[in-house]
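Undergrad: Quick note, the sequences are listed as chains A and B, same order. Mapping the first sequence onto numbering that gives the first Met the number 0, position 90 (from 1) lands on 89, and the numbers just tick up by one. Mapping the second sequence onto numbering that gives the first Met the number 0, position 28 (from 1) lands on 27, and the numbers just tick up by one.
Treat the hints with caution; some may be incorrect.
What the hints assert, rightly or not - Lysine-lysine pairs mimicking DSS-like chemistry, simulated, CA-CA at most 25 angstroms apart:
{"no.": "1", "chain 1": "B", "residue 1": "K73", "chain 2": "B", "residue 2": "K13"}
{"no.": "2", "chain 1": "B", "residue 1": "K99", "chain 2": "A", "residue 2": "K188"}
{"no.": "3", "chain 1": "A", "residue 1": "K139", "chain 2": "A", "residue 2": "K74"}
{"no.": "4", "chain 1": "A", "residue 1": "K170", "chain 2": "A", "residue 2": "K204"}
{"no.": "5", "chain 1": "A", "residue 1": "K73", "chain 2": "A", "residue 2": "K121"}
{"no.": "6", "chain 1": "A", "residue 1": "K210", "chain 2": "B", "residue 2": "K13"}
{"no.": "7", "chain 1": "B", "residue 1": "K46", "chain 2": "A", "residue 2": "K188"}
{"no.": "8", "chain 1": "A", "residue 1": "K193", "chain 2": "A", "residue 2": "K139"}
{"no.": "9", "chain 1": "A", "residue 1": "K210", "chain 2": "A", "residue 2": "K188"}
{"no.": "10", "chain 1": "B", "residue 1": "K89", "chain 2": "B", "residue 2": "K73"}
{"no.": "11", "chain 1": "A", "residue 1": "K210", "chain 2": "A", "residue 2": "K139"}
{"no.": "12", "chain 1": "A", "residue 1": "K170", "chain 2": "B", "residue 2": "K13"}
{"no.": "13", "chain 1": "A", "residue 1": "K188", "chain 2": "A", "residue 2": "K170"}
{"no.": "14", "chain 1": "A", "residue 1": "K204", "chain 2": "A", "residue 2": "K193"}
{"no.": "15", "chain 1": "A", "residue 1": "K193", "chain 2": "B", "residue 2": "K99"}
These are calculated hints, taken from the structure and not from any lab test.
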Amino acid sequence: MPSSKIRLALVDDHQIVIDGLLSLLQGHDQFEFVFASTDPASVPGLLADSPVDILLTDVMMPVLSGAELAKLVKKKFPEIRILALSMNGEADLVNEMIEYADISGYVLKNIGKTELVEALTKIAQGGIYFSEEVLKAMEKDGQRKKQYEDAHLTAREIEIIRLIEKEYNNKQIAEALFISERTVETHRKNIFRKTGTNSVIGLIKYAYEHKLISRGS
Amino acid sequence: MRDFIDKIDKRALKVHIYTEGLDERLDSNVETVLYRVIQECVNNVIKHSGASTLDISITRDADGISATVEDNGKGFDSNDKSKFDGIGLKNILTRIEYLKGTVDFDSAPGRGTLVAIHVPL
Numbered sequence: 000m001p002s003s004k005i006r007l008a009l010v011d012d013h014q015i016v017i018d019g020l021l022s023l024l025q026g027h028d029q030f031e032f033v034f035a036s037t038d039p040a041s042v043p044g045l046l047a048d049s050p051v052d053i054l055l056t057d058v059m060m061p062v063l064s065g066a067e068l069a070k071l072v073k074k075k076f077p078e079i080r081i082l083a084l085s086m087n088g089e090a091d092l093v094n095e096m097i098e099y100a101d102i103s104g105y106v107l108k109n110i111g112k113t114e115l116v117e118a119l120t121k122i123a124q125g126g127i128y129f130s131e132e133v134l135k136a137m138e139k140d141g142q143r144k145k146q147y148e149d150a151h152l153t154a155r156e157i158e159i160i161r162l163i164e165k166e167y168n169n170k171q172i173a174e175a176l177f178i179s180e181r182t183v184e185t186h187r188k189n190i191f192r193k194t195g196t197n198s199v200i201g202l203i204k205y206a207y208e209h210k211l212i213s214r215g216s
Numbered sequence: 000m001r002d003f004i005d006k007i008d009k010r011a012l013k014v015h016i017y018t019e020g021l022d023e024r025l026d027s028n029v030e031t032v033l034y035r036v037i038q039e040c041v042n043n044v045i046k047h048s049g050a051s052t053l054d055i056s057i058t059r060d061a062d063g064i065s066a067t068v069e070d071n072g073k074g075f076d077s078n079d080k081s082k083f084d085g086i087g088l089k090n091i092l093t094r095i096e097y098l099k100g101t102v103d104f105d106s107a108p109g110r111g112t113l114v115a116i117h118v119p120l
């Protein structure tokens with residue numbers, strides 16, 4: 000008899016997470032665990048030998064990230080559905096998984112038993128499932144992008160914000176970009192107006208929040 | 000000025016325009032010169048830059064009037080003085096100099112162009 004159970008595979012670089020999920024789903028006979036692995040690189044090979052319906056994958060793993068693994072799996076086994084499991088519901092990560100790997104769902108690791116079963120069931124039926132927190136993060140991200148679009152910062156303005164953040168004064172910015180101080184001053188005014196800020200600190204905060212600059216860059 | 004921008008708005012070029020402190024009319028001489036210069040800048044963007052977006056801002060404050068016209072097109076080498084031998088750019092320079100103002104051309108191939116104009120009042 001062909002298995003009517005939902006076949007699952009699990010990959011996470013932490014064995015304890017795998018153990019936790021296995022025990023979480025114990026007693027739910029509609030699921031069948033085909034294999035679990037702590038090594039994402041081994042997963043495509045394992046899937047070739049033992050087909051599954053849903054792959055649950057961690058997102059942040061060494062060697063091969065969840066997004067890369069999901070991409071690989073989708074390419075080789077397009078029929079396998081992917082549920083991402085992560086500690087981190089940051090919109091950038093979620094978007095990367097959706098855009099590049101066409102995942103079916105994304106849940107956080109603080110997920111409870113009922114929610115996990117619901118997510119797996121929905122995905123097995125061809126649906127999608129995203130944790131409430133993940134949806135919220137994505138919504139916030141959408142608003143941020145919209146606001147950024149409203150601000151219409153030009154490439155040059157973003158360049159200048161980055162120099163302001165490095166504590167360059169107008170004269171130094173003018174020298175660095177081969178423009179006159181007067182022009183830097185005009186840019187400054189435009190930047191403050193567009194971002195709705197009125198101090199350097201406020202601007203830097205805006206720039207971090209909108210990811211115009213990143214720490215360490 | 001807006002009328003003129005409205006005319007180009009229909010094209011494939013996305014234009015953002017911002018003005019501040021322009022409620023009162025300017026000295027008619029300054030107004031005409033600025034209008035012509037910005038028109039020339041915008042024409043350059045349309046004709047030469049291949050840009051998809053154009054940002055224009057005109058603000059008036061205690062220092063005078065600042066106008067910037069920035070595009071995301073292909074740019075040109077603004078250090079190459081021969082580029083300024085054409086009528087267009089030279090015209091911009093002489094017109095603004097006549098108002099005792101300054102013009103900054105900030106551009107490099109592949110990076111878009113920014114023209115920043117400042118006219119004291």
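Undergrad: When the hints from earlier in the document are held up against this structure, which numbers fail?
TA: 3, 7, 12 and 15
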